[in-house]
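**Q** Below are the chains, spelled out letter by letter.
Number of protein chains: 2
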Amino acid sequence: MGIITVGREFGSGGRELGKRLADALNYAYYDQEIIDEIVKNMQLSHKYVENILHEGVMPSFSYRFGNTFYTPYPVVQGTVDVLVEQQKVIKEIAQKGNCIIVGKSANVILKDLKTLDLFVYADLSSKIKRCQERAPEGENFSEKELKKRIKQIDARRSRFQEALTDLKWGAKEGYHLCINTSGFEIKALIPFIAEYATRWFDLK
Amino acid sequence: MGIITVGREFGSGGRELGKRLADALNYAYYDQEIIDEIVKNMQLSHKYVENILHEGVMPSFSYRFGNTFYTPYPVVQGTVDVLVEQQKVIKEIAQKGNCIIVGKSANVILKDLKTLDLFVYADLSSKIKRCQERAPEGENFSEKELKKRIKQIDARRSRFQEALTDLKWGAKEGYHLCINTSGFEIKALIPFIAEYATRWFDLK
Numbered sequence: 001m002g003i004i005t006v007g008r009e010f011g012s013g014g015r016e017l018g019k020r021l022a023d024a025l026n027y028a029y030y031d032q033e034i035i036d037e038i039v040k041n042m043q044l045s046h047k048y049v050e051n052i053l054h055e056g057v058m059p060s061f062s063y064r065f066g067n068t069f070y071t072p073y074p075v076v077q078g079t080v081d082v083l084v085e086q087q088k089v090i091k092e093i094a095q096k097g098n099c100i101i102v103g104k105s106a107n108v109i110l111k112d113l114k115t116l117d118l119f120v121y122a123d124l125s126s127k128i129k130r131c132q133e134r135a136p137e138g139e140n141f142s143e144k145e146l147k148k149r150i151k152q153i154d155a156r157r158s159r160f161q162e163a164l165t166d167l168k169w170g171a172k173e174g175y176h177l178c179i180n181t182s183g184f185e186i187k188a189l190i191p192f193i194a195e196y197a198t199r200w201f202d203l204k
Numbered sequence: 001m002g003i004i005t006v007g008r009e010f011g012s013g014g015r016e017l018g019k020r021l022a023d024a025l026n027y028a029y030y031d032q033e034i035i036d037e038i039v040k041n042m043q044l045s046h047k048y049v050e051n052i053l054h055e056g057v058m059p060s061f062s063y064r065f066g067n068t069f070y071t072p073y074p075v076v077q078g079t080v081d082v083l084v085e086q087q088k089v090i091k092e093i094a095q096k097g098n099c100i101i102v103g104k105s106a107n108v109i110l111k112d113l114k115t116l117d118l119f120v121y122a123d124l125s126s127k128i129k130r131c132q133e134r135a136p137e138g139e140n141f142s143e144k145e146l147k148k149r150i151k152q153i154d155a156r157r158s159r160f161q162e163a164l165t166d167l168k169w170g171a172k173e174g175y176h177l178c179i180n181t182s183g184f185e186i187k188a189l190i191p192f193i194a195e196y197a198t199r200w201f202d203l204k
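Residue numbers (this note's numbering), protein chains in the order written: chain D, 1 to 204; chain Y, 1 to 204.
Heads up, some of the hints might be wrong.
Covered, in the sense of this in silico footprint (three residues per stretch, anywhere, with C-beta under 8 Å from a C-beta of chain Y), are these stretches of chain D [claimed, not checked]:
# : segment
1 : 97-108
2 : 172-180
Calculated pairs, DMTMM-like style, for lysine to aspartate or glutamate (alpha carbon to alpha carbon, straight line, at most 25 Å) [claimed, not checked]:
# : chain 1 : residue 1 : chain 2 : residue 2
3 : D       : LYS114    : Y       : GLU195
4 : D       : LYS172    : Y       : ASP123
5 : D       : LYS88     : D       : GLU137
6 : D       : LYS151    : Y       : ASP166
7 : D       : LYS111    : Y       : GLU185
Just so you know, the hints here were simulated from the structure itself, not pulled from any lab data. The beta-carbon is built from N, C-alpha and C at its ideal position, and this holds for glycine as well.
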């Protein structure tokens, strides 16, 4: 059985790579689907879970000062609960069969399985260009804003991983293959990665 | 024309990978040959050049104190001369046709060409195991000594690169593909890397 995890820098095309690779190998693909599952299992709002996992911001508990002594416990606990559920969901997915899981430090969460762990990265100008080309209609970040956004999102990913392990997010030591997509069409990279993955699972 | 550079951690099997890849692709292979060329061009002893490039130690100039005021100039100049000649040799090799160059920060030296830059790495226990298996007869380093040796050699490689560029040796940003060989027979990795290289040069 083959499980491929794909870590990626924001804007590097890792998500597209994961999706296309899943198509090429006929593997199940999990990304957003993991959030849907958490939402269902925990009976929380989609926005609440997404806020925690995608934005790294605290959900809308009201912070009260003055008369009420403030304790951050519910906020912290809410975050921890979602992270614990995410691990559970990812471990369940891994039991189901061949699949590709994008992001969420799945390489760390599934470290006891023989997963193939990829990391996708690119130079900053390629990432900015990619974000600009793929911007949804109406979104119009300046280059400076995009730089900031890329930095923030990757910092959050890195921070989440830190909660799980000493292994640094994006450090090559945590992956089997690190792929620089600068100047590439993701599509063009798929055949050889598919070939690698197939051989990898044959060997393991 | 295809030029592939292979950076590698000591003990990761990068040299074997480079050699086997050269055979698979029918490319010329350069590693030790670069030292031979420097020796010939500069009319220096093999040992002198090797000391500088492989061991990172200063050659046998006598250090005199006492009456004579010591200046390190000749030592420094000797090192710089060899490094400059090495760059020249590598640039000449790159003009000759399809080839694989192992080590020597060739990715940095040839940064203006469309080289394919690989980096080969492994976890420490795999590297130690590899060193033990490949030790020449009579060499019998303890695990502790091997750890130290691996650290020293990689630190020297890193230091040499620092003299050329801000790009950190072994940091994935300086390469197109980083390959973790832990637990692999190098031989088994060759077909897919050859496939990747062929596609890469087709696309460029």
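**Q** Does each hint hold? Answer for all of them.
**A** To see whether the hints hold, each was checked on the structure:
{"no.": "1", "hint": "97-108", "verdict": "violated (count 0)"}
{"no.": "2", "hint": "172-180", "verdict": "holds (count 8)"}
{"no.": "3", "hint": "D:LYS114 with Y:GLU195", "verdict": "24 Å, holds"}
{"no.": "4", "hint": "D:LYS172 with Y:ASP123", "verdict": "10 Å, holds"}
{"no.": "5", "hint": "D:LYS88 with D:GLU137", "verdict": "36 Å, violated"}
{"no.": "6", "hint": "D:LYS151 with Y:ASP166", "verdict": "20 Å, holds"}
{"no.": "7", "hint": "D:LYS111 with Y:GLU185", "verdict": "21 Å, holds"}
Comparing the model with each earlier hint shows violations of hints 1 and 5; every other hint is respected.
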